[in-house]
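Asker: Using the UniProt record's numbering, count along the sequence shown one by one with no gaps and you end on 97.
Calculated from the structure, these hints are not laboratory results. A few of these clues could be false.
Claimed, not checked - For each label pair, taking beta carbons as the anchor points, the in silico distance ranges come out as:
id, residue 1, residue 2, range
1, 42, 92, 29 to 35 Å
2, 43, 81, 19 to 25 Å
3, 70, 92, 29 to 35 Å
4, 68, 92, 30 to 36 Å
5, 88, 12, 17 to 23 Å
6, 96, 52, 24 to 30 Å
7, 12, 76, 21 to 27 Å
8, 26, 72, 17 to 23 Å
9, 43, 93, 15 to 21 Å
10, 25, 48, 18 to 24 Å
11, 66, 26, 28 to 34 Å
12, 88, 48, 17 to 23 Å
None of the values given here were measured: they were computed from a predicted structure. Ideal placement from N, C-alpha and C gives every residue a C-beta, glycine not left out.
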Amino acid sequence: MSTLHVLSHSPFGDDRLTSCLRVIGANDALLLTGDAVYALQPGTAPFNALNARQLKLFALAEDAQARALEIPDAVKAIDYPAFVELSIHYDKVNSWL
């Protein structure tokens with residue numbers, strides 16, 4: 001069963017990203033929204049952790065733009081309609097609240 005994991009909290013404020021990376025499976029994907037897009041800052045521990053995993057990684061373009069962050073080439077930028085399509089593609093959606 002595949003899961004879309006959705007993170008919206010800053011990776012610098014708690015350990016949700018670390019916990020997610022421990023359980024994410026080979027058929028799963030990770031979507032960064034809200035302050036979670038700060039994990040895309042090059043040279044940071046969250047960025048390095050994401051790069052080390054070879055994940056299917058998505059980020060809401062609107063949230064990255066609002067925080068003046070560039071989305072790396074390895075991350076697919078999506079909008080809200082694409083978020084809905086993505087959530088339908090996976091068997092489950094797990095929001096890390």
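Asker: Assuming the hint says 17 to 23 Å, is it satisfied by the Cβ distance from residue 88 to residue 12 or not?
Answerer: violated (31 Å)
Asker: 17 to 23 Å was suggested as the range; check whether the CB atoms of residue 26 and residue 72 agree with it.
Answerer: holds (21 Å)
Asker: Should the hint that residue 68 and residue 92 are 30 to 36 Å apart at their CB atoms be regarded as holding?
Answerer: holds (33 Å)
Asker: CB of residue 43 to CB of residue 93, is that within 15 to 21 Å?
Answerer: Check failed, 30 Å falls outside 15 to 21 Å.
Asker: Cβ-Cβ distance between residue 88 and residue 48: within 17 to 23 Å?
Answerer: For residue 88 and residue 48 the Cβ distance comes to about 31 Å; the hint is violated.
Asker: Is 29 to 35 Å right for how far apart the beta carbons of residue 70 and residue 92 are?
Answerer: holds (30 Å)
Asker: Given the range 21 to 27 Å, decide if the beta-carbon distance of residue 12 to residue 76 lies inside it.
Answerer: holds (23 Å)
Asker: Is it true that residue 42 and residue 92 lie within 29 to 35 Å of each other by Cβ?
Answerer: Between residue 42 and residue 92, where Cβ atoms are some 31 Å apart, the hint holds.
Asker: Return holds or violated for the Cβ distance of residue 25 and residue 48 against the range 18 to 24 Å.
Answerer: Because 21 Å falls inside the window, the suggested range holds.
Asker: Check the following: the C-beta atoms of residue 66 and residue 26 are separated by a distance inside 28 to 34 Å.
Answerer: Once the Cβ atoms are compared, 31 Å apart, the range 28 to 34 Å for residue 26 and residue 66 holds.
Asker: Indicate whether the distance between the beta carbons of residue 43 and residue 81 respects the range 19 to 25 Å.
Answerer: Violated, since residue 43 and residue 81 (Cβ atoms, about 32 Å apart) do not stay within the stated range.
Asker: Honestly, do residue 96 and residue 52 meet the 24 to 30 Å range at C-beta?
Answerer: violated (19 Å)
Violated hints for the displayed structure, listed by number in ascending order: 2, 5, 6, 9, 12.
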